[in-house]
Structure formats: C-alpha cells, structure tokens
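There are 2 protein chains.
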Amino acid sequence: MPLETAQSNPVTIACIQFEPKIGEVAANLDAIEERVRTAHAKGAQLIVLPELADSGYVFDSAEELAKLARPIPDGESAQRLITLAAELDVYIVSGLAEVAGDTFYNSAMLCGPEGYIGTYRKMHLWYRENLFFEKGDLGLPVFDTPLGKIGIAICYDGWFPETFRQLAMKGAEVICVPTNWVPMPDQDPEAEAMSNILHKAAAHSNGLFIACADRVGTERGQPFIGQSLILDATGWPLAGPASREEEDILYAVITPSAVPAKRKLNEFNDIFGDRRSDVYG
Amino acid sequence: MPLETAQSNPVTIACIQFEPKIGEVAANLDAIEERVRTAHAKGAQLIVLPELADSGYVFDSAEELAKLARPIPDGESAQRLITLAAELDVYIVSGLAEVAGDTFYNSAMLCGPEGYIGTYRKMHLWYRENLFFEKGDLGLPVFDTPLGKIGIAICYDGWFPETFRQLAMKGAEVICVPTNWVPMPDQDPEAEAMSNILHKAAAHSNGLFIACADRVGTERGQPFIGQSLILDATGWPLAGPASREEEDILYAVITPSAVPAKRKLNEFNDIFGDRRSDVYG
Numbered sequence: 001m002p003l004e005t006a007q008s009n010p011v012t013i014a015c016i017q018f019e020p021k022i023g024e025v026a027a028n029l030d031a032i033e034e035r036v037r038t039a040h041a042k043g044a045q046l047i048v049l050p051e052l053a054d055s056g057y058v059f060d061s062a063e064e065l066a067k068l069a070r071p072i073p074d075g076e077s078a079q080r081l082i083t084l085a086a087e088l089d090v091y092i093v094s095g096l097a098e099v100a101g102d103t104f105y106n107s108a109m110l111c112g113p114e115g116y117i118g119t120y121r122k123m124h125l126w127y128r129e130n131l132f133f134e135k136g137d138l139g140l141p142v143f144d145t146p147l148g149k150i151g152i153a154i155c156y157d158g159w160f161p162e163t164f165r166q167l168a169m170k171g172a173e174v175i176c177v178p179t180n181w182v183p184m185p186d187q188d189p190e191a192e193a194m195s196n197i198l199h200k201a202a203a204h205s206n207g208l209f210i211a212c213a214d215r216v217g218t219e220r221g222q223p224f225i226g227q228s229l230i231l232d233a234t235g236w237p238l239a240g241p242a243s244r245e246e247e248d249i250l251y252a253v254i255t256p257s258a259v260p261a262k263r264k265l266n267e268f269n270d271i272f273g274d275r276r277s278d279v280y281g
Numbered sequence: 001m002p003l004e005t006a007q008s009n010p011v012t013i014a015c016i017q018f019e020p021k022i023g024e025v026a027a028n029l030d031a032i033e034e035r036v037r038t039a040h041a042k043g044a045q046l047i048v049l050p051e052l053a054d055s056g057y058v059f060d061s062a063e064e065l066a067k068l069a070r071p072i073p074d075g076e077s078a079q080r081l082i083t084l085a086a087e088l089d090v091y092i093v094s095g096l097a098e099v100a101g102d103t104f105y106n107s108a109m110l111c112g113p114e115g116y117i118g119t120y121r122k123m124h125l126w127y128r129e130n131l132f133f134e135k136g137d138l139g140l141p142v143f144d145t146p147l148g149k150i151g152i153a154i155c156y157d158g159w160f161p162e163t164f165r166q167l168a169m170k171g172a173e174v175i176c177v178p179t180n181w182v183p184m185p186d187q188d189p190e191a192e193a194m195s196n197i198l199h200k201a202a203a204h205s206n207g208l209f210i211a212c213a214d215r216v217g218t219e220r221g222q223p224f225i226g227q228s229l230i231l232d233a234t235g236w237p238l239a240g241p242a243s244r245e246e247e248d249i250l251y252a253v254i255t256p257s258a259v260p261a262k263r264k265l266n267e268f269n270d271i272f273g274d275r276r277s278d279v280y281g
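One line per chain: the protein sequences are A and B, in this order. Take the first sequence: its position 132, counting from 1, is numbered 132 in full-length UniProt numbering, and each next residue is one higher. Take the second sequence: its position 254, counting from 1, is numbered 254 in full-length UniProt numbering, and each next residue is one higher.
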C-alpha cells in the first residue's frame with residue numbers, strides 16, 4: 001500500500017462477494033457481520049456488500065418480499081449494519097430490501113461511524129424486479145463523507161451510462177455498486193463479463209473509482225456470475241475480477257481525493273470541460 | 001454469411017485499417033481507392049476509413065494543415081470518394097481534413113451511389129487538435145440510407161458516452177468511427193485497448209452496431225495503436241480487433257434493420273424505455 005501523503009488521502013476499500021440465502025434475513029445478517037469483521041481486520045475502511053444482501057433476490061411472490069423487507073434506517077437489517085459500522089469505525093454500503101409504508105424498493109444504505117448516512121433506491125429495475133419493487137424516487141444522491149464523495153448504483157443501473165455521468169457531475173469520487181449480476185443471454189460464458197466491461201468504461205470515461213460487490217451461487221434456478229471488481233479511476237482493475245463461483249473479499253487502496261485533479265487530462269483536455277453540453281445537454 | 005430474410009436486411013461492412021502519410025494527399029487518396037476497391041471486391045457495401053485519412057494527423061503547423069485541408073464536398077478528397085462510391089455502388093465513411101472558409105474541421109464524410117450524403121465535424125478535440133481545428137458545429141447527424149440509419153463519431157468523441165446515446169436516441173442503427181487512436185498513458189500495452197472497451201460498452205448499452213476503422217504506424221514520433229473493431233449490437237466483436245501494427249481490412253455482416261426490435265430486451269425491459277429521463281434528462 002502506498003504511503004499516505006498530504007495530497008492523497010488513501011482509503012482501503014473492500015468488496016464482499018458472498019451468497020445470501022433467499023428468505024433467511026437473520027442468517028444473512030450474521031454472514032454479513034462475519035465478513036465485515038474480516039474485512040475490517042484487514043484494514044478496510046469502506047466496505048461494499050451485494051444487492052439485496054439481507055433478503056436474497058428471487059422472490060416467489062410479493063407476499064414473500066413483504067415478509068423480508070425492512071424499513072431504512074429503523075428496520076432490523078439497517079440497524080444491525082449501523083451498529084456494526086459504529087463499533088468498527090467503518091463505512092458500509094449494502095443492498096437491502098426496503099419497505100416504506102406499503103411500497104417496496106431495491107435499495108442500498110450507506111452508514112458509518114457517525115450512524116445512518118443515506119439511502120439510494122434503484123432507479124432501473126431489471127426483469128421480474130418490476131413485479132415487486134417500485135422504481136427509485138430519490139434520484140442519484142452523492143454523500144460527502146470523510147473518506148470521499150460516495151455515489152451508489154445497483155446492478156442494472158450500470159447499463160445506463162447516465163447513471164455514472166450524473167453521479168460524476170454531482171461530484172462523486174467513488175461509486176459503490178451492490179449488485180446481483182446474472183448471465184447475459186448473448187454472453188460467451190468464458191469471455192469477460194459485459195458487466196465488467198461496462199464498469200471499466202464508466203470508470204475511465206468519468207475518471208472515478210468504482211467498486212462492484214456481486215453475489216455468487218444459484219437461487220431458485222437463477223445463477224449469478226460473481227466477478228466482483230474494484231476499478232481505478234483510469235478504468236483498469238485494482239482488484240478482481242473475483243471468482244465466478246466462490247465467495248471472496250477484494251481489497252484495494254483508492255484515493256478519492258485525487259479524482260478532481262485527475263479529470264484534467266492535459267493542457268487542452270478536461271473530462272467535464274470537453275463535454276458538448278451545447279449539443280447534448 | 002446468414003441468408004437474407006424479409007425481416008433482416010444484412011449489410012456487409014468493412015473497416016479499412018491503413019497508414020496514411022502526413023502531407024501526401026494524392027498518395028493517401030490512391031491508397032484509399034486501392035483498399036476500397038479490394039473491400040468492394042469482397043462484397044463490402046459500407047466501407048469505413050480512418051480519421052484524417054487524406055491528410056495524416058500530426059501537423060507541424062496551421063500552415064501545413066491549410067495546405068492539406070479541402071472543402072467538403074467540393075474539394076479533391078471528397079470528390080474522389082464520391083466518384084468512387086458511385087462507380088462501385090458502395091457507401092463510404094471517411095475522415096477528412098476539412099476547410100470551410102477560413103475554418104478547419106476534423107471531419108468525416110458519408111457518400112454513396114447517390115453521391116454526397118453528409119458531413120460530421122468532430123465535436124470533442126483531443127490534445128493538439130485544439131491548436132488546428134475548431135470544434136464541430138453540426139451536432140450529431142444521423143443519415144437515413146438504404147443500408148440503415150448511420151451515425152458518425154470520431155476518436156475522442158467515443159470517450160463521451162453522450163455521443164453514442166444521442167446518436168442512438170436519434171435513431172442510429174450503426175455508428176461508423178473513423179479514428180486515430182493513440183496509446184493511453186495508463187494503458188498496459190499488452191492489455192485490451194481502452195478504446196475497444198469503451199466501444200463495446202457503447203454498442204451494448206445502446207443496442208447498436210459500431211464499426212471502428214483505426215490507422216497504424218508512427219507519424220512524427222506519435223504511434224497509433226490499430227485494433228480496429230466491428231461490434232455487434234450486443235457489444236461483442238463480429239470482427240477484430242485487428243493487428244496493433246499491420247494494415248488490415250475487417251469484414252462483418254450486420255443487420256441495422258434489426259436494431260429497433262433488439263432494444264426491447266424482454267417483457268419488462270427496453271433500453272430507451274427504462275431510461276430515467278425524469279432524473280437525468
């Protein structure tokens with residue numbers, strides 16, 4: 001790991017790739033806690049967990065989801081993570097099944113030593129998620145933390161380049177991506193995952209760090225592809241891709257504070273300054 | 001090659017990777033003509049050439065560029081391509097150094113059997129291009145041809161996801177990319193080129209075909225990286241990447257007419273319909 005300097009403010013980030021079990025909230029929270037403690041013991045300051053890490057993904061029915069979803073930040077899952085973050089002095093981003101009144105969201109929560117920080121609700125819902133969840137209504141928030149400016153995107157959000165561009169233009173220096181990537185119909189299973197390609201392109205063209213924590217395993221016949229990934233602001237991997245099948249924890253040292261300066265590419269070019277907002281808004 | 005059907009309208013596309021010589025317009029046009037005839041003889045109907053294919057790239061001075069740039073469509077370079085397209089009954093997209101009055105543009109022209117069709121002027125100028133060229137003032141046109149709806153982007157335009165998104169939303173089914181890719185400072189020379197990654201992501205997330213024709217060789221100390229590429233609307237390569245150093249012609253059969261239907265991914269998801277224009281415009 002590089003030495004800390006006045007100019008850079010290095011942060012050790014971890015992506016936890018594991019296999020949540022559908023319907024087993026308490027057991028999933030136990031599994032999360034164990035892995036967060038492991039990552040903390042290895043020096044992680046910012047820890048990213050998969051999408052719907054507390055509930056599992058393949059719901060049989062709305063009634064099943066209703067039994068698993070919890071309010072944020074007052075529900076069992078959020079409270080457990082908030083308590084853990086305070087105890088360990090770490091920041092955690094985790095996908096959670098959220099209920100708000102009688103509405104369900106595929107959400108992710110950020111918490112830290114200071115407690116609950118904020119929630120992002122997935123804006124682009126993939127396939128049968130549309131049967132169970134409402135589309136996110138909180139926009140694309142960027143959270144200003146002592147570690148850096150953190151944005152969140154979830155899985156299919158990454159298929160929309162606007163997600164990353166909007167977060168970048170709102171100041172995000174690192175985007176945490178809780179995800180449950182599934183195989184693409186057109187994907188050669190031996191080739192690099194298109195999800196990895198999309199996030200490399202996003203990190204490079206926006207000049208920011210991206211940390212994707214995927215799940216593994218097969219749930220009710222639906223396989224997930226692993227290959228969690230931590231990307232430098234150049235778009236090149238700092239850690240991963242992780243295994244396609246096995247649980248793993250990826251670690252990397254990132255410098256969110258260096259992002260604004262890196263977006264100035266040379267004496268002529270600047271990632272944001274070169275945008276033709278006169279043409280495309 | 002697949003059989004032609006009523007539903008699909010296959011088009012054979014070719015990307016010509018070659019080495020223009022700085023300052024040698026007549027010789028470059030001869031080299032282009034020879035390679036276009038070869039591609040036509042192999043069945044190509046739509047032929048893409050590199051950026052600034054008639055002039056070369058590394059200008060010493062504005063005065064040098066002024067000697068090489070030609071009006072479009074009335075100048076020598078454009079007229080030569082227009083005549084060739086009519087004779088061979090093909091469509092050609094080529095990067096050309098354009099002068100319009102006393103203004104210079106890094107442009108690309110589309111012509112076909114019916115003659116001159118249109119011009120695109122590069123909107124995002126890389127590095128020292130800013131010393132010689134004005135930024136494009138023609139927006140991102142989409143040209144409706146008998147082969148399909150064709151958009152054009154040039155090199156650094158591809159670093160802006162907005163380029164592809166705007167062209168896609170304006171109806172483009174295939175984007176032709178004349179380019180002069182240079183090594184990235186942060187690129188492992190053995191790894192896949194970031195330019196290839198960016199265009200794979202763009203083809204996939206917009207559901208359209210992309211054909212990149214790069215140059216090779218080293219000009220006044222500036223190396224170019226080859227690796228021309230023709231991408232399916234899924235983002236996966238149909239041809240290429242070509243060699244990093246050698247001249248080559250890539251061929252692929254694409255079906256531009258199939259693009260609109262392919263953007264409907266399943267009963268819930270549609271690439272454009274899922275966009276959250278309420279959030280990001």
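Simulated from the structure, these hints should not be mistaken for laboratory data. Take the hints with a grain of salt, since some may be wrong.
[As the list claims (entries may be wrong)] Simulated pairs of lysine-lysine, DSSO-like, Cα-Cα distance not exceeding 30 angstroms:
#1 Lys21/B to Lys170/A
#2 Lys135/B to Lys264/A
#3 Lys264/B to Lys135/A
#4 Lys264/B to Lys262/A
[Said to hold, decoys possible] Quick list of the computed label-pair ranges, beta carbon to beta carbon:
#5 Ala261/B to Gln222/A: 21 to 31 angstroms
#6 Lys42/A to Ala191/B: 23 to 33 angstroms
#7 Glu134/A to Arg37/B: 53 to 63 angstroms
#8 Gly171/B to Leu265/A: 30 to 40 angstroms
#9 Lys42/A to Ala261/B: 19 to 29 angstroms
[Said to hold, decoys possible] One side only, chain B facing chain A, incomplete, derived with CB under 7 angstroms:
#10 Ala66
#11 Lys67
#12 Gln79
#13 Met123
#14 Gln166
#15 Met169
#16 Asp186
#17 Met194
#18 Ala201
#19 Ser205
#20 Pro237
#21 Leu238
#22 Phe268
These figures come from a predicted structure and were not determined experimentally. C-beta atoms are modelled at their ideal positions from N, C-alpha and C, and glycine is treated no differently.
Taking the hints in turn, this is what the structure says about them:
Of the pairs offered as hints, the one joining Lys21/B and Lys170/A is violated, with about 44 angstroms between alpha carbons and a cut-off of 30 angstroms exceeded. Of the pairs offered as hints, the one joining Lys135/B and Lys264/A holds, with about 19 angstroms between alpha carbons and a cut-off of 30 angstroms not exceeded. For a cut-off of 30 angstroms, the pair hint linking Lys264/B to Lys135/A stands: about 19 angstroms separates their Cα positions. Restraint check for Lys264/B and Lys262/A: not satisfied, since their Cα atoms lie roughly 37 angstroms apart, outside the 30 angstroms limit.
The given range of 21 to 31 angstroms is respected by Ala261/B and Gln222/A, whose C-beta atoms sit roughly 26 angstroms from each other. Between Lys42/A and Ala191/B the beta carbon distance is about 27 angstroms. The supplied range of 23 to 33 angstroms therefore holds. The hinted window of 53 to 63 angstroms between Glu134/A and Arg37/B holds, with their beta carbons roughly 58 angstroms apart. One distance hint, 30 to 40 angstroms for the beta-carbon pair Gly171/B and Leu265/A, holds here, with the actual separation near 32 angstroms.
At roughly 49 angstroms, the beta carbons of Lys42/A and Ala261/B sit outside the given window of 19 to 29 angstroms. Because the smallest distance between the Cβ of Ala66/B and any Cβ of chain A comes to about 20 angstroms, over 7 angstroms, the interface hint for this residue is violated. For Lys67/B, the suggested interface contact is broken, since its CB lies about 23 angstroms from the closest CB of chain A, more than 7 angstroms. Checking Gln79/B against chain A: minimum C-beta separation of about 29 angstroms lies over 7 angstroms; hint violated.
For Met123/B, the interface hint holds, the least distance from its beta-carbon to any beta-carbon of chain A being 5 angstroms, beneath 7 angstroms. Taking 7 angstroms as the C-beta cut-off, the interface hint given for Gln166/B holds, the closest approach to chain A being about 5 angstroms. With 7 angstroms as the threshold, the beta carbon of Met169/B stays out of range of chain A, its nearest partner Cβ sitting at about 10 angstroms, so the hint is violated. Below 7 angstroms, beta-carbon pairs count as interface contacts, and Asp186/B has one with chain A at about 4 angstroms; its hint therefore holds.
Interface restraint check for Met194/B: the shortest CB-CB distance to chain A comes to about 6 angstroms, inside 7 angstroms, so the restraint holds. Hint status for Ala201/B relative to chain A: holds, with the closest Cβ pair at about 4 angstroms, below 7 angstroms. Contact between Ser205/B and chain A, as hinted, is supported at the beta carbon level, the nearest pair being about 5 angstroms apart and thus within 7 angstroms. At about 10 angstroms, the closest approach between the beta carbon of Pro237/B and any beta carbon in chain A exceeds 7 angstroms, and the interface hint on this residue is violated.
Hint status for Leu238/B relative to chain A: violated, with the closest Cβ pair at about 12 angstroms, above 7 angstroms. Because the beta carbon of Phe268/B sits about 5 angstroms from the nearest beta carbon in chain A, less than 7 angstroms, this interface hint is met.
The structure fails hints 1, 4, 9, 10, 11, 12, 15, 20, 21 (numbered hints given earlier, in ascending order).
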